[in-house]
Every structure is written in structure tokens, then in C-alpha cells.
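Could you build the full structure based on these sequences and the hints that come with them?
Protein chains: 2
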Amino acid sequence: MNFKEKIISRIKEKGSAVCVGLDVEPGKLPEILKNEKDPVLKFNKEIIEATKEFTAAYKPNLAFYEQFGTKGFGYFEKTLEYIGGEALKIADAKRGDIGNTSKKYAQAFFETFDCDAITLSPYMGEDSVTPFLDREDKGVFILALTSNKGSYDFQMQKMADGRFLYEFVIEKINSWNIKKNCGMVVGATHPQMFEGIRKLAPDLPYLIPGIGAQGGDLENTVKYGFVKNDVLALVNSSRGIIFASNGPDFAERAAEEAKKLRDQINNFI
Amino acid sequence: MNFKEKIISRIKEKGSAVCVGLDVEPGKLPEILKNEKDPVLKFNKEIIEATKEFTAAYKPNLAFYEQFGTKGFGYFEKTLEYIGGEALKIADAKRGDIGNTSKKYAQAFFETFDCDAITLSPYMGEDSVTPFLDREDKGVFILALTSNKGSYDFQMQKMADGRFLYEFVIEKINSWNIKKNCGMVVGATHPQMFEGIRKLAPDLPYLIPGIGAQGGDLENTVKYGFVKNDVLALVNSSRGIIFASNGPDFAERAAEEAKKLRDQINNFI
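One line per chain: the protein sequences are R and D, in this order. The working numbering applies: residue -2 is where the first sequence begins, and numbers increase by one. The working numbering applies: residue -2 is where the second sequence begins, and numbers increase by one.
Treat the hints with care, as some may be off.
For chains that are exact copies, the list does not tell them apart, and a pair is met inside one copy or across any two.
DSS-like cross-link-like pairs, simulated, lysine-lysine; straight-line CA separation at most 30 Å [said to hold, decoys possible]: (1) 39 / 75; (2) 39 / 49; (3) 169 / 155; (4) 176 / 146.
No lab work stands behind these hints: they were computed from the structure.
In C-alpha cells:
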């Protein structure tokens, strides 16, 4: 099964296009976990158990693990174990380097850590991406149009042919998608661009951040970002779900928020 | 001391603009280390000890550590310890994410791992870079024009105003350089661009990969990339130095290659 089919079938099976961002911050952990041996791990474990019913994918962002140094990579590894086969495992790592180096990153995330997908930055071009495309069952989400303010600095600058840089990037992603294992990142904070983007990339799965804390527009994201027959997009929420409460009910509240997002998306479809 | 001053003084003090890339590959380690408890660590330790006299900076690329999983971050941490205060420690990580996430990466590399500098990818724009610029003594090298073939895919595409994308990126880097802690990555495989690039960024330190295995042009790199009064560039070589020999003389041969590169650069200055 190629990565595109894997996403579609996982979303169907779960009845959910929700991706939960596991961006753990030590300062925001519930009081009740403070005396645990490893509050971070206990937190992730409880969040995953509570939300897995409503969730097609989990997306730990590596920054939140690297902040702890070597120990943090242990947290990352263990967190992937907790997810197990329950949902897709997306390493939000935004890597990308020259060919022989990207090959090592691919080995790290697809073999050593056994993630299903990774996010990549496109700036270094084709040979920084292709080492991640060997296996049809492992996918990449390449940054196209991100959810942050900085997306205006380069991505939304016009090229000589009149297109935006991100449109140029999307064209390249299409050309790299031979094994149906490419996807792209498009932020929900740009809903006015979604209709045009879907026309440029009818075949690519989206990973959509920017819902929740970043203030993205869910209705238009779903209306224009999703494709009609197969749901070909994962909508990520991190802080809005995992830090819904920092009381003893943190896991239940996270589950409620994940369920709510799932239902909102399904209503808009 | 700001990062720019730190680079200049370190290069002066060492009489060398050499940066050694510590991109360790298990398959290329010398036979003689095979029975060591940790061949990777032993290798890095010996390479650092042998080359430190000729070296202004070391640049471990994170991919080569992440390939080992959690254990690899232990290698990275230990390798930084071996370098100690002998040379600048540059984390070649090519990170970059939305503001609150970049902040965590900055914490990871500047506080937890205590590196002097990190490489960043610019694609996500200003708020993905500024969290790394808080401390004037810690620097960033932002990808401008990289050494690989993929640099033609986006970096060397023309923008609406007639400039290349990388020129546009350089203009932004200049505007972020308020605390004199920004630098940029320019590949030695584009020596014909160096004269123009130095005019665009007279004040920015360069990190220059592409010498050695990638076939860059050292003479023109130094002629056009370096500035006259202060040496404001680090020339990186990875494989060409650390894997000069895989025999029992691997450390001596690495030292010879580092010394040779130092002398070649100094002759061209």
C-alpha cells in the first residue's frame, strides 16, 4: 500500500481526519503529574490513550523533544511506542539537506524510529527530498504554504513567471510524487488560497496546521482543502487539544477536544 | 562579544578558517576501531584531538547522529564535550519552524547542548529565525545558496523583481542581523556567484560547504568570498578530512588534510 492509500484508509477506518500534535511543554504539564517519575512520558501516554479513538495521526514536533537533549529523544522513541499501530506517526522535523545527508535523516526517521511520515523543508531542492522517497509506504509532507506570519516573507513572494514561490514548490512536489508518497503542508491560516491550491495538487495529501491556537479557519479549510471522494487531508491541532486543561481532567478534556474537532470536520465535509 | 566578533577572533587566534565536518558514518570507520566499545565516539575523539590545532570550528551534522536514534544524541552531546573550548561548535541542523517551536530548538541547541551556532533553513521566514537571535553571542548560519544540485530548483530561480530567490533571502538575513549574530551558508560549488554575494552581504560571516568531496573551487571561494581585513568565512570539509584514510593512520591523515586546507586557504588570502 502506498502512502496516499495508507492515509485515505486510515482516515476512513477512524472516521476522523484529526491529527494530534504532541508538542509537550514542561511548563504546561498538569499539576497532578508533577510527582511522576517522567511527567512528559506519563502525559503523552495518557493523552494518546484518551484521544486515539478520535485520531487518525499523531504528530510529535521534534523541537519539543530536542529541548530536553538526549533524554528527549528517549521521550520521542517511547511516545512512538505508545502510539503503536493506533494511528499514523508523523515526525514533524522539517528536515532537508544534501543528498547523502538526507539519506541519513530518512534512515533515522523511517527505519530507526519507524515513523510513517516526516515533514520536510523544500529550500534545498530535489536531491534533498528524493532520499526520503525510496519507500512507497513512507511519506513526506513538504512545506508549501505554512501557517505562520513568516510565510509572507518568501513563500508568498512572486516569481518571475507571476506565480507565488509556494505554487512553484507545489509543482515540484507533484513531479516528485511518482510513488504516491508525497504530501504537503498548507496552513489553515490561508483559507482563501485553498481552492487554488487544491487545483494545483489534486492528488497530494495535505497536512494542515494552524487550527486552534493559531486561529485558522476550519470551515473554509475543509470546504476547499478536502477532496470530494476520498478525504485527503489531516487537520492538526496541538495546544488546542493537549493543553485543553491542566487540571486532573486533562486527558478527558483532550479527548473531548479531539472528538469535537473530528465532528466539526465531518460536519463540514 | 557578539557572534561576528567571536568568529573573527577565533579564526585569527587559530590562524585558520577551517571547519571540520564531523559527519560520522559507521560503514566508513577505520577497521582498527571495530573492537572499541563505542567506535563512533572513539573516532570523533581522535579526529578532534588530531585536528584541533588546525581548526577554527567543528560542524557535526545532526543527520549523522540521528541515524543512531536516541543513542546518537548521546554521541552528539559527548562529541561537543570533546570539542570543548578548542573551537566553535556549529550544529548543522538546518532547523526552522513557527515561532514558539523555533524557540524550543533555540533552547535545545544554544542552552541544552550549548553550541555556538546552528544552521537554519529560511523557508518559513522571519518568525522562524528570530527566536534564535536573542543572544548576541550565539549565531545562526542561514541557508542562502547551498552547494548541491537542488540549489537550482528554488534558490536560483528568478523572482518578479529580477533577483534570484537566494538574493532575496540574503536581503532578509541582513535585516535580521541587528545583534551581529547572523551568518549564511553559501556553497563553494558556486564560485562564480561569490563576488556578487559578498557585495550583497559585506557584513555576514559565511559558512562554506562544498570543498572536497563535492568538488568546490577553493581559490575563487577565497578570492571572492573572504573579506579583506577580517577573515569572515569558515570553509568546511567533512569527508575530505575525516575519512582521508580508514587505516590505523586515520587521525594523522585527517590532521594532514586539515593542515593542508588551512595552508591552502591562507595562501589564497
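Hint by hint, here is what the structure shows:
For the homomeric pair residue 39 and residue 75, the shortest alpha-carbon distances inside one copy (10 Å) and between copies (28 Å) are both at most 30 Å. In the homo-oligomer, the alpha carbons of residue 39 and residue 49 lie at most 30 Å apart inside one protomer (15 Å), although the nearest pairing across protomers, at 43 Å, exceeds that limit. Both within a single protomer and between protomers do residue 169 and residue 155 lie at most 30 Å apart by alpha-carbon distance, with minima of 16 Å and 16 Å respectively. For a Cα distance limit of 30 Å, the shortest separation of residue 176 from residue 146 across copies, 22 Å, qualifies, whereas the shortest one inside one copy, 33 Å, does not.
Taken one by one, the earlier hints all hold for this structure without exception.
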